[in-house]
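A.B. asks: Let's have the full structure, built from the sequences with the hints guiding it.
The sequence shown runs -8 to 310 under the working numbering.
Source of the hints: derived by calculation from the structure; they are not laboratory data. Treat the hints with caution; some may be incorrect.
[Claimed, not checked] Under the rule of at most 25 Å between Cα atoms (straight-line distance), these lysine-lysine pairs were calculated in the PhoX-like manner:
| no. | residue 1 | residue 2 |
| --- | --- | --- |
| 1 | Lys155 | Lys221 |
| 2 | Lys260 | Lys235 |
| 3 | Lys283 | Lys235 |
| 4 | Lys277 | Lys69 |
| 5 | Lys260 | Lys279 |
| 6 | Lys221 | Lys64 |
| 7 | Lys64 | Lys222 |
| 8 | Lys235 | Lys185 |
| 9 | Lys236 | Lys283 |
| 10 | Lys34 | Lys217 |
| 11 | Lys185 | Lys34 |
| 12 | Lys9 | Lys222 |
| 13 | Lys235 | Lys67 |
| 14 | Lys17 | Lys119 |
| 15 | Lys9 | Lys67 |
| 16 | Lys235 | Lys217 |
| 17 | Lys221 | Lys252 |
| 18 | Lys34 | Lys221 |
| 19 | Lys69 | Lys155 |
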Amino acid sequence: MPTEMTIFNETILPGESKTINMQIAKLHSMTDIEIPIIVERSKVAGPTVLLSAGLHGDEINGTEIVRQIIVNKINKPKSGTVICMPIINIFGFLNQTREFPDGRDLNRVFPGSKEGSLASRFAYYILKEIIPHVDYAIDFHAGGAQRFNAPQIRIVPNNEELKKLSDVFGAPFTLYSNNISGSFRSSCDEMGAKMLLFEGGKSIDINEAVIVEALEGTKRFLSHLKMLQKKHVCSQPNDTIYIKKSDWIRAPFSGMFHGLKTIGSYVEKGELIATISDPFGKVEHKVKAPHKGYLINVNDAPVIYQGDAIFHISTILEE
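C.D. replies: Okay, here's the thing in structure tokens:
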């Protein structure tokens, strides 16, 4: 660990705590917008871990996870450095929308550009100022729209170090998922920062059960790196279920949606998992599982359209 760490021209020495306000752009009203970067450094050398959320502004559950990490002082390391960014896309958070004001998905514009769109500029400065310091990262997300994700870690396949870290985190599920071009995870990987992507819950929602899974997993992760203070007690990890492949089940009809299975359930082929009805009491369609597997995402929307994703189901598990 270097003696000094400099982020946006602010120097943080070992043993120091500092909140750095990232300022890239103003609101159209000329109001300043600041994104707090909370840095906690131990006097003892060790790795640097980034805990981030709010890459999509409507994924509030991730922001609450990082907030609770800070409130409970889990981010005060026994060794090394912990950097917390509870909200990356502050513009989306203010408007409770996924995208930046320029209409772009921040998680598709990395590595960004100093002279590009607003989202692209944010991506550029995050990679330039923060990621060069980072050894490990956990980026917290939630399901889009009304689709509720079971607590899960996503890692690239064939990476033994990430698999070990996923075992340590101990989420109920781990999905093998290739990096997507333009994503934060992909750029971190290219720069040598080892990232676990956490998914849990849904947008515009706070779910306590998902938060508990994330907090416990984060403590286990930091403990594994010898960074967790002794006062924080770690629970035993789940025996995480590794999913090699999965499919979406899509609505065969439009109508009022009644999901009959809870998130994380294991279902058999042909098992009734939902009904879709008209609002007038005339028609009710049954939706059955096309094959056996775990339901790792369930659509909570009360009204759906034909073709909407209603369940995400595992197809191939790792033995």
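A.B. asks: If a hint holds in the structure, say so; if it doesn't, say that too.
C.D. replies: Structure-based check of each hint:
no. : hint               : verdict
1   : Lys155 with Lys221 : holds (22 Å)
2   : Lys260 with Lys235 : holds (19 Å)
3   : Lys283 with Lys235 : holds (14 Å)
4   : Lys277 with Lys69  : violated (54 Å)
5   : Lys260 with Lys279 : holds (8 Å)
6   : Lys221 with Lys64  : holds (12 Å)
7   : Lys64 with Lys222  : holds (10 Å)
8   : Lys235 with Lys185 : holds (20 Å)
9   : Lys236 with Lys283 : holds (13 Å)
10  : Lys34 with Lys217  : holds (14 Å)
11  : Lys185 with Lys34  : holds (23 Å)
12  : Lys9 with Lys222   : holds (22 Å)
13  : Lys235 with Lys67  : violated (35 Å)
14  : Lys17 with Lys119  : holds (20 Å)
15  : Lys9 with Lys67    : holds (12 Å)
16  : Lys235 with Lys217 : violated (30 Å)
17  : Lys221 with Lys252 : violated (40 Å)
18  : Lys34 with Lys221  : holds (16 Å)
19  : Lys69 with Lys155  : holds (22 Å)
Figure legend: structure checked against the earlier numbered hints; hints not met, in rising order: 4, 13, 16 and 17.
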